[in-house]
Amino acid sequence: MQATSDEALIARIASGDRLAMQVLFARHHVRIYRFVLRLVRDQWKAEDLISEVFLDVWRQADRFEGRSTVSTWLLAIARFKALSALRRKPEEGLDEDAALEIEDLADNPEVTLEKKDRSAVIRKCLMGLSAEHREIIDLVYYHEKSVEEVAKIVGIPENTVKTRMFYARKKLAEMLKAAGLEQE
Amino acid sequence: MNTINQEPSEREQVEALLPWHAAGTLSRREAERVERALAGDRELARQFELVREELYETIHLNESLGTPSTRAVQKLFAAIEAEGPRAPKRRSFDLAGRLATFLSRFAPRTLAYVAAAGGLAIVVQGAMLTKWAVKEQTANEFTLASQSSSEGPSIMVRFAPGATVSDITSFLAAYKAQLIARPEPGNFYQIRISGLKSADEIATIVGKIQRESKVVDFVAVRE
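Heads up: the protein sequence lines correspond to chains A and B, in order.
Position 103 (the first sequence) corresponds to 613 in this note's numbering; numbering is contiguous.
Position 106 (the second sequence) corresponds to 92 in this note's numbering; numbering is contiguous.
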């Protein structure tokens, strides 16, 4: 049996179908939560924000035009709300220096390296990236968004998406190297 | 990728695509392009292994973030409940939405038909028009606008094979057009644009629609 498509759910939500809302929420809320949490770094705030994201969906479902997938639409709303919560305008993007101020590295990469755990070091460095770089890496790797979809979510040209991903990876490589992890 | 003003080399372009190739989100053509490059470039293949490792760890990291508590869902549905029952929207005012739904229903048949007919010469057949019977429509939930000659002439259009549902709904919204009949054989649709009175206005609109070649590949006024 084929599951109801997200687009069909949105159409039902637009007509006030609460069950469709529950299905859509169940289908997407965890990923949206994780995306928001990675940006705001506050579980309580992230939970509030996903409620707001889906409440927007409930109110604005009739405006969904199908120009992107529903998950892309949700991520774009979530990003806007997360950035608003961080008191930033989305078009300004995330300033790297400011973003680093909200990093929460428990210890530096050198200390982590002592654990001799390559995976742990990589994850630690991924967490240490700027919010802007974390965001694009998450969208590409975890949320499986294409270049075009990332461009829509973040609101930047497709070439900039590729460039930003390139520099995110470059930064990650530098951090890994600083942590003693040579990429062989 | 290393300079701003210089066009990236083919290798640099492929390297930039590696993350999306690892995630499986490239088009088939681009994926084949990357595969070809990987097959003949050991350094690039090494880069790809690193990308795959980053991808794996990124997934691992995100999955370790846990899930939200039930507070989120409770808060959401409390807010929805507080808004009360939603008055059903009159579909006649939700043109884009209802047309998207309507066209989606016909998509498999319609799109296949349009694609097959794409290479044929476009001929409007008077006999086809005689089959038009708007008031017999039973298009499931979708109710087509009733036809009345006093509300302006009907215009026949056929949507281009490459036009998406989104393109079509945007086109109809832009022209404030209403679909007034189900598709005829050949995927001709009849639309009505309100406010058109004089022959000049009609000719102007038809001329404008003719230039919408990305969305419409045929347009004619129904006499």
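One or more of the hints may lead you astray.
[As the list claims (entries may be wrong)] Derived DSBU-like pairs: lysine-lysine, alpha-carbon spacing no greater than 30 Å straight-line: (1) B:K162 / A:K681; (2) B:K183 / A:K662; (3) B:K61 / A:K555; (4) A:K680 / A:K662; (5) A:K662 / A:K681; (6) A:K555 / A:K681.
[As the list claims (entries may be wrong)] Label-pair ranges, simulated between beta-carbon atoms: (7) B:S199 / A:S629: 52 to 62 Å; (8) B:L51 / A:R573: 22 to 32 Å; (9) B:A68 / A:E575: 25 to 35 Å; (10) A:S594 / B:V207: 48 to 58 Å; (11) A:R528 / B:S199: 36 to 46 Å; (12) A:D552 / B:A17: 31 to 41 Å; (13) B:Q196 / A:E668: 27 to 37 Å; (14) A:R528 / B:K194: 35 to 45 Å.
Simulated from the structure, these hints should not be mistaken for laboratory data.
Bear in mind the structure is a predicted one, so any value in this text is a computation, not a measurement.
Using N, Cα and C, we set each Cβ at its ideal position, and we do this for glycine too.
Hint check results:
1. Restraint check: the Cα-Cα separation between K162 (chain B) and K681 (chain A) comes to about 50 Å, which exceeds 30 Å; the hinted pair is violated.
2. Taking the CA atoms of K183 (chain B) and K662 (chain A), the gap is near 40 Å; set against the 30 Å cutoff, the hint is violated.
3. Between the alpha carbons of K61 (chain B) and K555 (chain A) the distance comes to roughly 13 Å, so the proposed pair stays at or under 30 Å and holds.
4. Straight-line distance between C-alpha atoms of K680 (chain A) and K662 (chain A) comes to about 23 Å, which keeps the hinted pair within the 30 Å bound.
5. With a C-alpha separation of about 24 Å, the suggested pair K662 (chain A) and K681 (chain A) falls inside the 30 Å cut-off, and the hint holds.
6. Note on K555 (chain A) and K681 (chain A): the hinted pairing holds, with a Cα-Cα distance of about 28 Å set against a maximum of 30 Å.
7. Taken as a hint, the range 52 to 62 Å holds for the pair S199 (chain B) and S629 (chain A), whose Cβ atoms sit roughly 53 Å apart.
8. Separated by about 30 Å at the C-beta atoms, L51 (chain B) and R573 (chain A) satisfy the suggested range of 22 to 32 Å.
9. Checked against the hint of 25 to 35 Å, the C-beta distance between A68 (chain B) and E575 (chain A) comes to roughly 27 Å, which is consistent with it.
10. The supplied range of 48 to 58 Å is met by S594 (chain A) and V207 (chain B), whose beta-carbon atoms lie about 49 Å from each other.
11. Distance hint check: the CB atoms of R528 (chain A) and S199 (chain B) are about 43 Å apart, consistent with the given range 36 to 46 Å.
12. Hint check: D552 (chain A) to A17 (chain B), Cβ distance near 38 Å, so the stated range 31 to 41 Å holds.
13. For the pair Q196 (chain B) and E668 (chain A), the beta carbons lie near 31 Å from each other, so the given range of 27 to 37 Å is met.
14. Against the hinted window of 35 to 45 Å, the Cβ-Cβ separation of R528 (chain A) and K194 (chain B) comes to about 43 Å, which satisfies the hint.
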